[in-house]
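If you read the protein sequences in the order shown, they are chains P and R. For the first sequence, my numbering assigns the number 334 to the initial residue and increments by one for each residue that follows. For the second sequence, my numbering assigns the number 45 to the initial residue and increments by one for each residue that follows.
Worth flagging that the hints you see were computed from the coordinates, not collected in a lab. One or more of the hints may lead you astray.
Stated by the list, open to error - Under the rule of at most 25 Å between Cα atoms (straight-line distance), these lysine-lysine pairs were calculated in the DSS-like manner:
1. P:Lys337 to R:Lys368
2. P:Lys335 to R:Lys259
3. R:Lys241 to R:Lys261
4. P:Lys335 to R:Lys241
5. R:Lys195 to R:Lys319
6. P:Lys335 to R:Lys261
7. R:Lys261 to R:Lys195
8. R:Lys195 to R:Lys128
Said to hold, decoys possible - Covered stretches of chain R, as calculated for chain P (at least 3 residues, CB under 8 Å):
9. 167 to 181
10. 236 to 250
Ideal Cβ positions, reconstructed from N, Cα and C, are used throughout, including at glycine.
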Amino acid sequence: MKIKDSAGGHLTLDSLIDAIRQEARRRGDTESAPGTAPLKRKISSQIAHKLFGEIELKDGAHIREFLPLYGEEFLIIAYRTLLGRSLDSSGAQHYMAALLEGRITRWELLARLRLSPEGRARGFHLRRLWLGFMASMTYRLPVIGCIAALLARILALPQWLQFQSGQEMRLNHVERRIN
Amino acid sequence: MRVVIATVQVPFINGGAEALTEGLRDAIVQAGHSADIVSLPFRFFPESEILRSMQLWESEDYTELNLYEPDLVICLKFPAFYLKHPAKRAWILHQFRNAYDLREAGDKAVLSDNACHLIQEKDSFYFNQCQYRFALSYTVADRLWRYNHLKAEPLYHPPPNASKFYSSPPQPYIFAPSRLETLKRIDLLIEAMRYVKSSIWAIIAGTGGQYLRLKEKIERYNLTDRVRLVGQISSQELRAFYANCLAVFFGPRDEDYGYVTLEAMLAAKPVITCKDSGGPVEFISDELEGLVVDSDPQLIAEAIDRLANNRSWSITLGKNGQMKYDALALSWQNVVSALLA
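The shape of chain P in the complex, shown without the other chains:
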């Protein structure tokens, strides 16, 4: 079926569809319409910013910037800082298990990433990384390591007590909510 267009020419369904598709291409933007393509799950930019966007370490940053970071958050920032890329699933699984089981400390993990071929190629300078790493390694030495670890724990006691107090408050809060 042909239909006369406004210019007096003849329009076919195919030519009409082509013209509309060209118009769409001219306007750019090629993502699929809802209901027509597999769902792509991703963290929205706002959420990514809210979660980790505030933590952007610059070359020459101090190792203490990592102190408040634990678990997956620590791994994500470590990967992004030292390797310049996102955390992959194998890395997440391997290192998370090692951290949770106490087989590796956070400072050892940072040193491992920094010494890896990827880390060396990126060459990120993290101040006092080696000091932290050496201290971690010291704890592994027989006798001396135990004494060093004990001293470190004693020195960290005030901070630990503050943390425990916070945890107690949170647990009380949870109990109230449950009851």
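Using the hints provided, position chain R relative to the given structure of chain P.
What follows is chain R alone, placed relative to chain P:
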């Protein structure tokens, strides 16, 4: 405030509900809160899987989540409403319709009578536990009242990328974007095209389980030069097809909400819909923003001819729709304010 959005999903199906869930999450974050989506897969067949999913959600207690407990939980879909939390609110996208209206309409293949009654009882029980109940639309709220005798406040939201829609002079085609599923009743348009007298085409966009059946129907009725299935299209193509069409056809059976209606209004196009289409009829009044007819192919064909033979009237109806959309003032900010109040 820490907000969890609890829902279920069928992996790889990306429809309006998924767009809504992500839109809600982003809107809550933009309002300065933390929000995350907690989703579990939902198997709508066999019955034992549906019952298992209900038990699973019933056993979920979000009062404590590894010390990351949410201050508020918004449940969107069955059976996520069953979870436990003192500040649980429901924004009901839809109930499990196979246990309600679809069963009444004759679809008894999915659920036994016992399972059906169990779902209805549990739904009523857990909806009652919610601090507040909102519904996606009056259609959804009406179903909740009809079957569960519970009230819910309709809460409209804008379609995705609302600001990107535009309008162009109408070309001689009716546009019907939809997932190609039985409930969407694209057949009505194909059958109507047999009776349409004016020189006009129908362009159907989208994919789905009914694709081959609809294609076969088009061939059987010798409509291949009048009706075209264009399949999957990009969002930009979608907007271009809206912008250039004469009118949009959207005649599903008792649709919960339907972005198609709102998108047509944004593109200033009249909507041809059916009296039993649910959501679309909340926005479209006959001869004001489009045409509302019985779900009869011949009446739909008449509606198409009326618009095709009076283009200036068609443009006026489209502009009315655009003005109505503006007057509705749909925004995610309003949705978030209501849900978090």
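Structure-based check of each hint:
{"no.": "1", "hint": "P:Lys337 to R:Lys368", "result": "33 Å, violated"}
{"no.": "2", "hint": "P:Lys335 to R:Lys259", "result": "21 Å, holds"}
{"no.": "3", "hint": "R:Lys241 to R:Lys261", "result": "19 Å, holds"}
{"no.": "4", "hint": "P:Lys335 to R:Lys241", "result": "14 Å, holds"}
{"no.": "5", "hint": "R:Lys195 to R:Lys319", "result": "23 Å, holds"}
{"no.": "6", "hint": "P:Lys335 to R:Lys261", "result": "22 Å, holds"}
{"no.": "7", "hint": "R:Lys261 to R:Lys195", "result": "42 Å, violated"}
{"no.": "8", "hint": "R:Lys195 to R:Lys128", "result": "21 Å, holds"}
{"no.": "9", "hint": "167 to 181", "result": "violated (count 0)"}
{"no.": "10", "hint": "236 to 250", "result": "holds (count 6)"}
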